[in-house]
Each structure stands twice: as structure tokens, then as C-alpha cells.
Amino acid sequence: MTEMKEVTVKDNYMAVVVMLFYSAVLHASPVLLRPR
31 MTEMKEVTVK
41 DNYMAVVVML
51 FYSAVLHASP
61 VLLRPR
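Numbering-wise (our numbering), the sequence shown opens with residue 31 and increments by one.
No wet-lab data here; the hints were simulated from the structure. Computed from a prediction, not measured in an experiment: that's the story for all the values here. Mixed in with the good hints there might be a few duds.
Label pairs and their computed distance ranges (CB to CB) [to be verified]:
hint, residue 1, residue 2, range
1, Val61, Val39, 40 to 48 Å
2, Met34, Leu63, 27 to 35 Å
3, Arg64, Lys35, 41 to 49 Å
4, Glu36, Arg64, 36 to 44 Å
5, Asp41, Leu62, 28 to 36 Å
6, Leu63, Lys35, 39 to 47 Å
7, Glu33, Arg64, 42 to 50 Å
8, Lys40, Leu62, 25 to 33 Å
9, Arg64, Met34, 40 to 48 Å
10, Lys35, Val55, 29 to 37 Å
Think of the CB as a built atom: it goes at the ideal place given N, C-alpha and C, for glycine as much as any other residue.
Assemble the whole structure, with the sequences as input and the hints as a guide.
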């Protein structure tokens, strides 16, 4: 039970990190692709 709970928490944490990273990439893409 403990191992399953740890895995679930880790998966949730990774999911949040991936979502934040993906969102940051989407917001930064136009700035990075547009020449300054």
C-alpha cells in the first residue's frame, strides 16, 4: 500500500511538472520563434 501511494504521488508530481513545462513551452514558443 505504501509503495503504491508513493508511486501515485510521484506520478501526480511528474504530471504537474510536465503540464507546467508544456504550458511554459507553448507561451514561450512565439517569443522564441519570432526574431528580435
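Worksheet item: Between arginine 64 and methionine 34, is the Cβ distance one that fits in 40 to 48 Å?
Response: At 46 Å between Cβs, range holds.
Item to complete: Check the following: the C-beta atoms of leucine 63 and lysine 35 are separated by a distance inside 39 to 47 Å.
Response: About 42 Å separates the Cβ atoms of leucine 63 and lysine 35, which means 39 to 47 Å holds.
Practice prompt. Starting from the hint 25 to 33 Å, judge whether the C-beta atoms of lysine 40 and leucine 62 obey it.
Written response: holds, 30 Å
Worksheet item: Is it true that the C-beta distance of glutamate 33 to arginine 64 lies inside 42 to 50 Å, as the hint says?
Response: holds, 47 Å
Practice prompt. Using the beta carbons of arginine 64 and lysine 35, state whether their distance is inside 41 to 49 Å or not.
Written response: holds, 45 Å
Item to complete: Confirm or reject the claim that valine 61 and valine 39 have a C-beta distance inside 40 to 48 Å.
Response: Violated: the Cβ-Cβ distance is about 34 Å, outside 40 to 48 Å.
Worksheet item: Holds or violated: 28 to 36 Å for the Cβ distance of aspartate 41 and leucine 62?
Response: Holds: the Cβ-Cβ distance is about 29 Å, inside 28 to 36 Å.
Practice prompt. Check the following: the C-beta atoms of methionine 34 and leucine 63 are separated by a distance inside 27 to 35 Å.
Written response: Since methionine 34 and leucine 63 have Cβ atoms about 42 Å apart, the given range 27 to 35 Å is violated.
Worksheet item: Quick one: are lysine 35 and valine 55 within 29 to 37 Å, going by C-beta?
Response: About 31 Å separates the Cβ atoms of lysine 35 and valine 55, which means 29 to 37 Å holds.
Worksheet item: Holds or violated: 36 to 44 Å for the Cβ distance of glutamate 36 and arginine 64?
Response: holds, 43 Å
Of the numbered hints listed earlier, those contradicted by the structure are 1 and 2.
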